Amino acid sequence: MIELSWSMPVHSLQVDEKSIVYVENLKTWFPIRRSIIDIVRRKPRLYIKAVDGVSFDIKEGEVFALAGESGCGKTTTGKAILKLVELTDGKVVYRPSKHLFEELTSINPSIPVVDRYGGIEISKVPAKYFKPFRTEMQIIFQDPYGSLNPRLTIYEILEEPLVIHEIGSTKDERVELVSRALEMVKLTPPEEFLYRYPHMISGGQRQRVVIARALMLRPRFIVADEPVSMLDVSIRAEILSLMMDLKKQLGLTYLFITHDLALARYIAGRLAVMYLGKIVELGDARRIIENPLHPYTKALISAIPEPDPRNRLKTRDVPIKGEVPSALMIPPGCRFHSRCIALEQVPELTELCIKKEPPLIEVEPSHYVACWLHYKK
Amino acid sequence: MSENVLEVKDIKTFFYTAKGIVRAVDGVSISVRKGETVGIAGESGCGKSTLAYSIIRLVPPPGRITGGEVFFMGKDVLKLSEEDFRKEVRWKGISMIFQGAMNALNPVYKVGDQIAEPLILHKGLSKTEAYKRAYELLQIVGIDPRRANNYPHELSGGMKQRVMIAMALSLNPSLVIADEPTTALDVVIQAQIMNLLKNLKKELGISIILITHDLALIAEISDKVAIMYAGKIVEYGLSEQIYDNPLHPYTKGLVLSVPRLRGELRELAWIPGAPPDLRQPPPGCRFHPRCNVKIPLCIKEEPPLIEVEPSHYVACWLYSSGSR
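Going down the list, the sequences are from chains A and B.
For the first sequence, the positions run 2 to 378 when the working numbering is used.
For the second sequence, the positions run 18 to 341 when the working numbering is used.
Be aware that a few hints might be false.
To be verified - Straight-line alpha carbon distances no greater than 20 Å define the calculated EDC-like cross-link-like pairs of lysine to aspartate or glutamate that follow: (1) A:K248 with B:E284; (2) B:K215 with A:D318; (3) A:K322 with B:D161; (4) A:K132 with A:E167; (5) A:K315 with B:E220; (6) B:K218 with A:D318.
What the hints assert, rightly or not - Reference listing, derived: stretches of chain B covered by chain A, where coverage requires no fewer than 3 residues with Cβ under 8 Å from a Cβ of chain A: (7) 88-102; (8) 267-274; (9) 277-290; (10) 324-334.
The set of hints was computed from the structure by calculation and includes no laboratory data.
Please read these numbers as outputs of a predicted model, since none were measured by experiment.
Glycine included, each C-beta is placed from N, C-alpha and C at the ideal position.
Bound-form chain A, shown alone (with noise of 0.2 Å):
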């Protein structure tokens, strides 16, 4: 095996009073069901690796951002810190409010606090103690069109987590707070929109009664998975400024998941690349997507059409070969190499790429690669 002699950093948490939300070494595992001759001849359970060891915090505040393409598990990880699916080892913890904090460690002494800032492992909180979290951190859905419920009107669709968290006594005083959301998300006046239901209104102010209705609880933290991939261009802008907008006005925290680098660059703060489960590149937005180091981040941008009629003269260079390798099979050492241009270019690493797993290096301050192009001894 080879041997490395480490000199250079390497990514690590580093969790202060300003991190809202971390994440270590966050793994989900979905197992594939065998069937019962694979059982009985004992071969072992296989697991589709969509989150395979992630770690990264989140500032209060900021618009961390989550790139790559479909199946990097972008998604699974966002669902993950919210609970939505199960962990399979790692954890998530986030630092609640301090009203919400002095309410949990009321309801349950032994919630698991586990940092001088009142972080709290939400991966280890039962389900039973988890809904009040729900009031604080909250999700905005891809689709528009298939995550409003076609049968409700758009009150009763605001209204639900109102009713679920026992906010508003009477209906008057629902009605006054669905307005409220409404308005913010500048649906108005929004009497015109109250008794409506998804279907008579555009695709642009559904997405818009999605963002309401993730603020209904006055959250802090919102993962927002694509929120403006299904719609068009011509009016991804304005949602995307709408929720700029409502982060300042409320103090939202953002994790912005998205297959779109060009739109990371103009909302982002930090920005994670991952490939096949795993970050492959972390550091501030613009910097990565001027100065990309890993060969996987310089792919993802060649590939970005601009809209530059003199483009259409010449082939596109996409420095990538082949496809990605299926999640249940990831190549063994760097999970990039399969398909890494720069593996025949610099022979000399070609043996450690494809035995040993590079992890995280800070190649620039605050800018991190896992390649081991970029490791000096």
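Starting from the known structure of chain A, arrange chain B on it as the hints suggest.
Just chain B, lined up with the frame of chain A:
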């Protein structure tokens, strides 16, 4: 200049629904020369896909082409009977790459069979000959010919899209209509598919109509661009004219709303509001309710598509009667 492969004149396609007549395509004219690629852009519901289906005469009921002419190789193909159109034009002359490759292939047939089928039906080839041609076609689109024996579910999304392209090319058409050929594909695959289309254009000299809402994608391949809004073309010109000097307020909005990877980071713009209900389009210019530079005339009268500079057309009162 080479001749027009396709010339669409004032075509109208309406959908006769129970709730009224939807004027999906309402008087559109475009032309495509040999080897040329025309991009048609617009928001969802602007009629761009309906225009494509009208050209290849596959408008689903209750839709009907109610007026206009479509000249393909100089012949008005709207006058042909359905049988003659199917035999002579559809797929042989004009073929189509459908939206959503994932669902457009038949899951219970091998992809080779699906590529060979039109060859057997249209060209009367034997099964072995047709299969030989299918292998060639797969090679052209960059797939290992052995994949002909696979079923669609055994292929990745990008490969399925390549199979769709191979099918569209099977009868050597002069014109291929690509309707959102890369939606639901990842950017890397999207770039590869666009490269493939570029090569086909160069090597086979086919004409392409590319339909998408993504202006960045249109710029990748199109020589000319038509911007559609609410069933009409509002601006039409060479790619350079549209991207470097957009004139119509709608086109300007579209161009500015595309997030860019490079260059100055200015605020993204957007077009407020939503497209109109095509059962009752607004009077005058159909864009006026969303327009920020409208003048009183816009509400009263519909602007004609006028040529403001050679080959650059725009339908906007701001550029009419020399007020530019």
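Here's how the hints hold up against the structure:
This hinted pair checks out: A:K248 and B:E284 have alpha carbons roughly 16 Å apart, not beyond 20 Å. Between B:K215 and A:D318 the CA atoms are separated by roughly 13 Å; this keeps the pair inside 20 Å, and the hint holds. Only pairs whose Cα atoms come within 20 Å are accepted, and A:K322 paired with B:D161 is accepted, the gap being roughly 15 Å. Restraint check for A:K132 and A:E167: the C-alpha separation of about 12 Å stays at or below 20 Å, so the hint holds.
Our distance criterion of 20 Å between C-alpha atoms is met by A:K315 and B:E220, whose separation comes to about 14 Å. For the hint pairing B:K218 with A:D318, the CA-to-CA distance comes to about 17 Å; that is within 20 Å, so the pair holds. As drawn, the stretch 88-102 of chain B meets chain A at 0 residues by the rule of a beta-carbon pair under 8 Å; below three, the given contact is violated. For the stretch 267-274 of chain B, the stated coverage by chain A holds: 4 residues have a C-beta nearer than 8 Å to a C-beta of that chain, and at least 3 were required.
Under the rule that three or more residues need a Cβ within less than 8 Å of chain A, the assignment of the stretch 277-290 of chain B holds, with 10 such residues. Three residues within the 8 Å Cβ limit are the bar, and the stretch 324-334 of chain B against chain A gives 0, so the coverage statement is violated.
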